[in-house]
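Using the sequences and the hints given, assemble the complete structure.
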Amino acid sequence: MPPNDHATTVLVVEDEALLLFSISDELTAQGFVVFEASNADDAVTLLTAHPEIEIVFTDIDMPGSMDGLKLLALVRERWPPVRVLVTSGKKRPTRDMLMDENWFLPKPYTTAGVVAAIQAAAQ
Amino acid sequence: MGIFVEGSDVTERILAERDVRDREAQFRTFAEAMPNHVWTARTDGQLDWFNSRVYQYSGAQPGELDGEAWGAIVHPDDLAGAAARWSESVYTGAPYEAEFRVRRFDGTYRWHLVRAVALADAEGKIGRWLGTNTDIEDQRQTLQRLAESERRFRLSQNAAGIASLELDIASGTVIGSDFFWQLWGLSPRASEHISVLEAIVLPEDRNVRSTEETRQNGTASLKVDYRIRRPDSGEIRWLSRNIEFVHDADGRPVKMFGVVQDVTDRKEAEARQNMLTHELEHRIKNILAMVSAIAAQTLRNADLETAAATFSERLRALSNAHDILTRTRWTAAALGDVVRSAVSPLPAERIAISGPDVSLGPKMALSLALAINELGTNALKYGALSTETGRVTVSWTIEEDATMLWRWSEDGGPPVVPPKRRGFGRFLIERVLAADFHGKVGIEYLPKGVEVILTAPAPGEPAPNRLQ
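In order, the protein sequence lines correspond to chains H and Y. Heads up, the first sequence is in the numbering used here, so the first residue is 1 and it goes up one at a time. Heads up, the second sequence is in the numbering used here, so the first residue is 124 and it goes up one at a time.
Some hints here could point you the wrong way.
[Said to hold, decoys possible] Dumping the calculated SDA-like pairs for lysine to any residue here, alpha-carbon to alpha-carbon at most 25 Å: (1) Y/K486 / H/A121; (2) H/K70 / Y/T400; (3) H/K70 / Y/K486; (4) H/K90 / Y/T400.
[Said to hold, decoys possible] Among chain Y residues calculated to face chain H with C-beta under 8 Å, some are: (5) Q305; (6) N409; (7) A558; (8) D559; (9) K563.
These are calculated hints, taken from the structure and not from any lab test. Backbone N, C-alpha and C define an ideal beta-carbon position, used for all residues, glycine too.
Structure follows, in structure tokens:
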């Protein structure tokens, strides 16, 4: 389904390219407009340039100046309406950090699981 | 008168002699009753009387030790010192004191404390020396055993890197072993006020130790680990301290006894272990997520049997790349090793590999291994390796502008037909491989065979930002 005017715009932040593109391709196939970033700094640049981004899906464990938790805190502060779904293989954010208890996806996840979670968040 | 006087003189002398005899008898009775060796000497230092204890002990006969003959029962190693000191006392009149070994009747020597004082008459003139020997063998052995035991204890403590401490709770005075001060980075000293040590502990760890209150009421934790900044080197070290309280008759804690150990090495090893465990956990979860993504892609457009075989090949390629990375502890992998490992299932005589030494990071190594697996599988099924004579060349070069050109080139295969759809192989090569190398990938379907060229900054060069 090609993106249309009503398509939800999602930013996927994942340093593992295979996972990043798998999720990104699947979301695109499901009709989402997708931006890709392999680290939090790139994600911030994209968020600044694209106010249409509504959902961020980010890994916590990433190299660079910020990990996913710092990115989550920054998005909460600078882009409050943006919903952030986080994933991690080891760290779990505290309940008060997440806007919704369901917005955490433990690794390893399936691409279908991620897409379903983002579709739910987009409702 | 004269007779009287004469008679009176005789009487006084007789009385005086009797008095001397009486006192002598009294002294001897007293001296015989004493458990010690008792002896007397003349003003010239010659010994002239011993109580019977001396004869019983030494086995000598009365008279045999008189004069200077007493030296016969003194240990040869001790005699010169004992005699010299005796001569000095005899000369100066100062009290004599010496420790030396005296031979018993059975030939064994036992240590004695020997003391003698000069007895002065009414006019202050030395008339005689009175001496005693006290057996201190048992005491000396006990002291020696104690010293040895203390030495062994100290040595074993030092060997184990343990220092001991004693704290007087009321005064706050800490007494420590030599090693104790060394652990705290302080010069050797007998004692120190506890506030001096508290100032060395890192502020954030001060509360885990004892406080004035927890010492006074005896509730301080018996075992704690805390960090100090050594005043001598500025180094931060971990100390582990175990204590016990000693209470007075009313049950109030009065002292703390304990041991302290530097456990920095153990703490650092634990931290490394934790870091590795977390890192491993992260990698495993990521690998499983990758396997899951590969499975989803593999199963998407294939029948189950084909998908199962393809999935196995992909997992094997992933596993081989992991083997290489495990050998280098996930720091780097040689590009040549990754290529050789990835082409190992292919006919080796038809594959030419060439290129300089290049070190790849873990992500590059994994995606290159997966990409080569896709290319190799495709070559075997449809490309150069599906014929008898086709060949594959894998080569890479580093250009002058620090660009790496990596090439997969097939020749001699059947005519190439570009695929109609983009499968997992192309996804992996065009997108994942390019992203992990921060470069770009071109796939050419040339008449002679497939050619893939990866153009990327030479690994090790700073990577450009990559945004979609």
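Taking the hints in turn, this is what the structure says about them:
1. Y/K486 / H/A121: violated, 31 Å
2. H/K70 / Y/T400: holds, 23 Å
3. H/K70 / Y/K486: The given pair, whose Cα atoms are some 24 Å apart, holds under the 25 Å limit.
4. H/K90 / Y/T400: holds, 10 Å
5. Q305: Check failed: Cβ of Y/Q305 comes no nearer than 40 Å to chain H, outside 8 Å.
6. N409: holds, 6 Å
7. A558: Hint on Y/A558: holds, closest Cβ of chain H at ~4 Å, below 8 Å.
8. D559: Constraint on Y/D559 satisfied, holds at 5 Å.
9. K563: violated, 13 Å
Checked against the numbered hints above, the structure breaks hints 1, 5, 9 and satisfies the rest.
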